[in-house]
Amino acid sequence: MAYGRIALVLLVLVAVLVWFLPSYYTGLLTQIGLYALVTIGLNLFMGYAGQVSLGQAAFMGIGAYTSAAFAVKGHVTPWLGMVAGAAMAALVAYVLSFVALRLRENLLALATLALGIVINVVFNESEYIGASSGFKDIPGFAIGSLAFDQRAYAVLAWALVAIGIWFAGNLVRSSFGRALIAISAGELGAEALGVDAERLKRQTFVLSAVYAGVAGAVYASSFSYIDPTSFSFLLSVNFVLMSVIGGIRSLWGGVIGALVVVALGQILQNVVPVVLPSARGDFQSFFLGAILIAMLILLPRGITSRFGEARA
Amino acid sequence: MIAQLWQYVLAGVVVGAIYALVAAGFVLIYQVTGLINFAQGEFAMIGAMTVCALAASGMPAPGAAVLAVIAAAVAGALCYVLAIRPARGANGVTLIFITLGLDVALRGLGLFIWGTNPLSLNPFTGGAAITIFGGALPPQALWVLLTDAIVFGALYVFFRHTHAGTAVRAAVANPPIASTFGIPLRTFAFWSFVAAAAIGGLGGVVVAPITSATYDMGLTFGLAGFVAAVLGGLDSLPGALVGGFALGIVEKLAGGLLSTGWEQGVGFLILVLVLVLRPQGLLGRAARRA
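Protein chains in written order, with the numbering used here: chain F, 119 to 430; chain H, 8 to 297.
The shape of chain F in the complex, shown without the other chains (with noise of 0.2 Å):
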């Protein structure tokens, strides 16, 4: 499947589509972007390798926070805090590798759970990045004097997953990824065939984090607002229910669980109130958790898996 061409389209689409809908839409686009862009790291670390991840959404926050630190502390551009917001992600991951990958299943995901919650108790208690506060008026993207719109930020999305799945679809074809899907069917195996699961799965868990960081300094300065309560063990969790409803094991799965559980919670967040008017506040995640656990037992792989894509 040729990942780069249809993301090209998807990408040409989006910014057809921007100038017809409504703003609240577009805000929602650039959401739907920026949580595909997560999942797609994070499929790369569950689906391709295998492995499991309670904490991804830290990694966003890192990547929310150094970006936003250096625009309002620094006056450093955001494109420059992408960068940064992408590289201390990737550092911390590698970090904190050494402590979690060697761990499997249960262990490992208690782990990356801890490691996220205790990220974002830093987040609350370091005054410097306003503790529980966070930071308000983060400066936006611009090119030039041009200062970027919802639209602009919609499109900047999709552009990031265009290239975030053109990359990792030239991965999983190479030999890495063959290397990684071998880990996930057993690490004793695959090093036995010469594979070195170790550093495979630590490059994985790093490229993941960089994907989250990098969504994570464009949703900061989309959203110019950011505090710890955006990047808690829900959002983590959210990005699981994204990746398995998608297809755990499919880049395009990404794209998919993140479309359908936000328009989901869109949708169900009008129609339930309708139908039981009693229903109030976040009510919608019980349709999601269900609808999780159906697709496991019914749907193993996920949404995609129906589009054969799934065996690539």
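What the hints contain is simulated information worked out from the structure, not anything from laboratory work. Note that this is a predicted model, so its numbers are computed, not measured. You may find that some hints are simply not true.
What the hints assert, rightly or not - Partial selection, computed: residues in chain H whose CB lies under 10 Å from chain F:
1) Gly41
2) Phe45
3) Pro182
To be verified - Residues from chain F that face chain H, not an exhaustive set, calculated with beta carbons under 7 Å:
4) Leu225
5) Leu274
6) Phe401
7) Ile411
Each residue gets a CB set at the ideal place from its N, CA and C atoms; glycine is no exception.
Start from chain F and add chain H according to the hints.
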């Protein structure tokens, strides 16, 4: 200063007693099924919300408490029947995702049924705070500790002195051989969910008068329950008790001496350290599951 520290320790003992109950549920399910049930904290939420809602509607507290525990147990049974059993044979990561889905779904359901407002419950018995060496303990704390004593005592008697308990231990020690002796593994898995949910629900009932109940309380208790269970050893019930109290005390000390933010953070730092340095926990046996 010493008096202040002592007060933190007493506060830690009270929350620790609840963590121990949630952790006991984790350990029960993990021992019997090898599964980490991320939805465990939600059973405490169901227990607490049910007892508060029923008591608010005028039902006498003891009746409401019994119904709340039953409600949690039924939720546990449904979780197993609807989500875990149909997925048997799935790999470990898939089962993690399923229990995460259960956690999300149960929390959403709690919000659906009870809304976002916190519900409160009167303490089981009135009276002034009890002072122990100058530190104050609310009367409800005694109910919490009594519940711990009863639950862990009952679990001890069940596992050590009953035929069924011995069968469960055999099933945990060696599932294939236990199975050839006619020990019904799948039935045990079902009852481990029911028991874990009932214990979690009971924890929610006794804690409701201390921390008023909200639909999202399950997350806090669930996460603390993991830390306690891993700290004590995922395959050790006494470990759950020790881990629960240790975590509660450390949390309250960190919260009092550092900041409230680190009250939760310190537990997870400990969790990471334990996973790296001593994955079997304080009282667990080494390398049962690599």
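Against the structure, the hints come out as follows:
1. Gly41: Because about 8 Å separates H/Gly41 from the closest Cβ in chain F, which is inside the 10 Å limit, the hint holds.
2. Phe45: Given a least distance of 8 Å, the restraint on H/Phe45 holds.
3. Pro182: Violated - the Cβ of H/Pro182 stays beyond 10 Å from chain F, reaching only about 17 Å at its closest.
4. Leu225: holds (6 Å)
5. Leu274: Not OK, violated: F/Leu274 not within 7 Å of chain H, min 30 Å.
6. Phe401: Because about 5 Å separates F/Phe401 from the closest Cβ in chain H, which is inside the 7 Å limit, the hint holds.
7. Ile411: Holds. Min distance 4 Å.
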